[in-house]
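**Student:** Taken in sequence, the protein lines are chains P and F. With my numbering as the guide, the letters of the first sequence map in order to residues 8 to 654. With my numbering as the guide, the letters of the second sequence map in order to residues 102 to 490.
Hints listed in this document are in silico derivations from the structure and should not be mistaken for laboratory results. No residue lacks a Cβ here, since even glycine has one placed at the ideal position from N, Cα and C. Incorrect hints may have been included.
Here are a few chain P residues that sit away from chain F, every Cβ distance over 12 Å (derived from the structure) [claimed, not checked]:
1) G71
2) S72
3) G93
4) G160
5) W173
6) N193
7) D222
8) R228
9) S230
10) T263
11) T279
12) Y309
13) Q486
14) K490
15) E510
Computed cross-link-like contacts, SDA-like style, restricted to lysine to any residue with a CA-CA straight-line distance of at most 25 Å [what the hints assert, rightly or not]:
16) K490(P) with E227(F)
17) K490(P) with K507(P)
18) K442(F) with V490(F)
19) K212(F) with E482(P)
20) K531(P) with S173(F)
21) K417(F) with I421(P)
22) K457(F) with D445(F)
23) K417(F) with Q416(P)
24) K352(P) with D316(P)
25) K402(P) with Q203(P)
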Amino acid sequence: MASRITTSSTAEYFAKNLQQVGFSSPLKAVLTTLKESIDNSLDACEEAGIAPELTVSVTKIGKGSGRNTDLIEIMVEDNGPGLEAGDLAKVFGEYLASSKFGRGQCSRGQQGIGISAATTWAQLTNAAGVEVISKTKKMRKAIKAQIDVDIKGNKGIVKTKDTIDWKDKEHGVRVSFKIDGRVQLNGDGGILTYLQGTTLVNPHLTLNYKLLEQDWVNIERVSDFVPKVPAPTLPHPHTMKLGEFMTHAGLFGKITLDNFLKKGFSRVTDLTIKEMTKHGLPKKYLKSQLTTIKETEYKSIYQAIQETDLSNPTTKSVLTVGEEGLAKSIQRIGEVDFFSVLTRKPKICDHKPVVVEVAIARFLDRKDADDAAQLLRFANRVPLQFDKAACAITKAIESVNWRSYGLTQPKGSIPLGPYVFAVAVTSPFIKFKNASKETIDASDELVEEIRRAAMQAGQKLSRHIKAEARAADLERKIQHIEKFAPILVHGLAQITNAPKKREKAAEDGLKKILGRDTDQAESKLKEAESRLKVLKAKQKDKFGDVGASDEVADDASDVVQEAEVVKVAPAKKATKKAAKKKVAKATKKAAGRATKKVAAKKATKKTAAKKATKKTAAEKVTKKTAKKTTAKKTAKKTTKKKTKRRR
Amino acid sequence: MAKQKMIRVRKLTKNIPKMAMDVCDKMLSDLEHARRPVVEAVKCSLDNSFYDAKTGYLTPGEKKVRSELNVSSVQKLARTVFMLNILLKNMKVGSVNTKRELYYIAKGFMKSDAFYKPLDFEDQPESDSVIEFICDMLEVYREELNCFAGDRGGQTYSQNLVVTETLSDGTNAVVDLSTLGTTPFQPKNKPQQFKLKKKGKLDFCVVMESEGTANTLVANGMTKRHNCIVIGAGGVPSNGVRGWCKTIQEQLKVPMYFYGDLDAYTMQNIYRTLKAGSAASLVRNSDFSAPQVRFLGVLPEDVKEYDLLCYPVGEKDAAEARSLKKAKDVLANDPFFKDKKNKDLAAILKWLVKEKKRCEQQSVFSVDPSNPRFMEEFIVKKIKKGSYV
Chain P
8 MASRITTSST AEYFAKNLQQ VGFSSPLKAV LTTLKESIDN SLDACEEAGI APELTVSVTK
68 IGKGSGRNTD LIEIMVEDNG PGLEAGDLAK VFGEYLASSK FGRGQCSRGQ QGIGISAATT
128 WAQLTNAAGV EVISKTKKMR KAIKAQIDVD IKGNKGIVKT KDTIDWKDKE HGVRVSFKID
188 GRVQLNGDGG ILTYLQGTTL VNPHLTLNYK LLEQDWVNIE RVSDFVPKVP APTLPHPHTM
248 KLGEFMTHAG LFGKITLDNF LKKGFSRVTD LTIKEMTKHG LPKKYLKSQL TTIKETEYKS
308 IYQAIQETDL SNPTTKSVLT VGEEGLAKSI QRIGEVDFFS VLTRKPKICD HKPVVVEVAI
368 ARFLDRKDAD DAAQLLRFAN RVPLQFDKAA CAITKAIESV NWRSYGLTQP KGSIPLGPYV
428 FAVAVTSPFI KFKNASKETI DASDELVEEI RRAAMQAGQK LSRHIKAEAR AADLERKIQH
488 IEKFAPILVH GLAQITNAPK KREKAAEDGL KKILGRDTDQ AESKLKEAES RLKVLKAKQK
548 DKFGDVGASD EVADDASDVV QEAEVVKVAP AKKATKKAAK KKVAKATKKA AGRATKKVAA
608 KKATKKTAAK KATKKTAAEK VTKKTAKKTT AKKTAKKTTK KKTKRRR
Chain F
102 MAKQKMIRVR KLTKNIPKMA MDVCDKMLSD LEHARRPVVE AVKCSLDNSF YDAKTGYLTP
162 GEKKVRSELN VSSVQKLART VFMLNILLKN MKVGSVNTKR ELYYIAKGFM KSDAFYKPLD
222 FEDQPESDSV IEFICDMLEV YREELNCFAG DRGGQTYSQN LVVTETLSDG TNAVVDLSTL
282 GTTPFQPKNK PQQFKLKKKG KLDFCVVMES EGTANTLVAN GMTKRHNCIV IGAGGVPSNG
342 VRGWCKTIQE QLKVPMYFYG DLDAYTMQNI YRTLKAGSAA SLVRNSDFSA PQVRFLGVLP
402 EDVKEYDLLC YPVGEKDAAE ARSLKKAKDV LANDPFFKDK KNKDLAAILK WLVKEKKRCE
462 QQSVFSVDPS NPRFMEEFIV KKIKKGSYV
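Extracted from the complex, chain P is given alone in its bound form:
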């Protein structure tokens, strides 16, 4: 009787289990297709050292074949090096065909599954794979082809092939998928959120996009620096399992064990081999050829290596977005009030090099103080948009006590307010929870590392929030003087039957006392503001024309570059000015004639300060036309105050 056991191709497996790679619903299908296309484009550009310029469109072109679905066309065009004609079928139609698989690099794509899965989805829902136009520098004309997946044989099939003129395009690739799907623009799983996130962590990206009926949007790059993905390093013996160790040995053929250990791994030297022998590695194997070592002997060798203490793997293989890039890029996703960015030094978590970067920003165009802040998660510069709860990043952010930095936070949750928390984890070996790479496994070490980064960024952010709180405190104190002082004095006078003269004297005395308090508060506020100014100037030297910023290194010796807090818009200045004005009024009243001279001095100082503010406002108007209205308001207020003073 013939065996009933059959084998299936990789393509067959994925065609039946597309939900495992991000195609679990029509909504996710659109996002995943877009994501895979953009990831491929960005990786290709970076590898070729080209600053990426992408054009993206998502269009509803009809009714989908399935129930409650639309036929969606997703088009992504890049200016990358282009693909050779012979590679098209492999790249778009064959699973696990990748230039990056297992190389241990911080590239976005890793296994070579995503884009083939997108082709499969297009094929399954619309009976046609992907349409690709590709042109390399060498080609005079571009190739236009339709690639399908041969599901039985896990091979790409070129269905149609043609050459076309692709004018004005020196090189690049354009992919176009027509798939069944539904489009969600906003929210955690929305396309806009994805594009925002991609923009944030890719400062060197110029992005043009058109979503459904909306107009074209153009986001220019803020950095010309194209990050070079660091070359992969040799594997560390402690990151391998026995089977992997043996397979790795198989690649080296006829060399001796000690040579294999030194050439095949990082952090292994003659000295460490000596240590290994102390931990049970039989010396007789060291000069044996790998081919002569038996499987059981490999086990004892492997065990001895695991027992030996080795230096941590190198952190040279990790790549960062960088604080400067983040600082510039964050302003592309909305009207930022102020923000803080931080890049940690690479660390070893679970024997793997990891670098964590955090950007926290408060946005002026988001007014919902009671809504949870938006958390953007990134793994190797790819936004993660689903399964938020189980992710290491979410767990780390929730475990921080943000209240101590002046934010509102329900216990054990993400803080509230118009903030965006962007956390990027970069590592050549990110441990995802699933094949669709939506959640980073929450190991204790990684969560702790992210938590530390978040706390450091929070500390920097709190300076601004505290300065605001001081301004509010001053305002409150002034209100207290105006509200309660007369009632207190009047009550005391009523109980003691005091004459009007006594009541008046007490009122003046009270204002003097409380005036002193507000003076103190005002000087604290001024002190905070001047500290902020000094630090902003320092950071301006560091980051050029990103904007003024504050914060100096005070506690974070392990931070590569100090966190950056940039005050972008002068929205809160109006409140502070109003408060100062009230203080001047109250102090003047309280001090009476005797303190007139002091008041005059203060007025002189304030005039200088206001002039400075005006100058700053004028500069900002020139720099940012978008903030014209705010600047005008500030200027108007200054004029008003001047007029008042003249009167």
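With the hints as your guide, set chain F onto chain P.
**Tutor:** This is chain F only, laid out in the frame that chain P set:
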């Protein structure tokens, strides 16, 4: 209109209006000279509480709460002076108000007059704390400022008690509790004005934590069969209940027992407050506590003897964990339970912490459901046997 005759809670040698006037005059004078006025009040908290078994109630220590005028305290002081003014006017004409009435009176002024609007209270606790601060500042009882509490708790039943009440016009009202049937006598909020007389023999007085259980005992005929007084405390005993128990104890010299749940909350917040007063009202505990009252149950030995149904108290549940934490805190910080004389009461708390369980007072009803008088028999048996702490 003639000034009403005031009921005295104690023999007071202080001239409250003069004291208030002096405090205000000093404050005004300080302000005139641009000095910061300072007012001091007794610190009413557990860390300033002392207990001596001979005295029998919690007394205040030396600590004071010092309020110096500054931007943060100006609102509190303005409210204090405002409320003091109302109270002094009340005392002048002999008007009496409850705390809630004072809250609404003050709110009326604040809402209708723009000048006072900034003082407006959001809720009654804000107004109550101002009144309490005035009491602690002048070291007087709230009742001496003509402010009396509501009538909560203290429903009393007996066949052997006659209460004579002196009314504000000077006449007397006599109430024989045996004529009220199952209707309780409500001791009001000025129990010190009562003259009590035994009608025949009185063997004991039992204060039940639950008013409902007190009523059930009477409905089942307990006061008919025993020469006793049954009082329902209604949870944490109000000033009225505490003053009433003190009056019974002093005038009738009858043994008094408390019966409630076996848990840390009942031990500290209810029984200790009844017996030794509360840390929040240290100034007034001498007249608002009944130091001779004994803890009749539920005792750990009752749980064992009658196999009473208990609740396990776990550390995972927030409310239960709080209960356990409270027991530990009480043992560590409450001077009443730290006193050697009360080591048997502390032992009950230790038992609660160790066993991690609690027992409701009503669990006794489940011991013999066929006998409606079981609770009554249980209480009487315990008193006779001396099974109390």
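**Student:** For every hint, state whether the structure bears it out.
**Tutor:** Hints and how they fare:
no.	hint	result
1	G71	49 Å, holds
2	S72	52 Å, holds
3	G93	64 Å, holds
4	G160	56 Å, holds
5	W173	66 Å, holds
6	N193	36 Å, holds
7	D222	49 Å, holds
8	R228	51 Å, holds
9	S230	48 Å, holds
10	T263	59 Å, holds
11	T279	48 Å, holds
12	Y309	43 Å, holds
13	Q486	9 Å, violated
14	K490	4 Å, violated
15	E510	8 Å, violated
16	K490(P) with E227(F)	18 Å, holds
17	K490(P) with K507(P)	19 Å, holds
18	K442(F) with V490(F)	11 Å, holds
19	K212(F) with E482(P)	24 Å, holds
20	K531(P) with S173(F)	16 Å, holds
21	K417(F) with I421(P)	24 Å, holds
22	K457(F) with D445(F)	18 Å, holds
23	K417(F) with Q416(P)	23 Å, holds
24	K352(P) with D316(P)	23 Å, holds
25	K402(P) with Q203(P)	22 Å, holds
Comparing the model with each earlier hint shows violations of hints 13, 14, 15; every other hint is respected.
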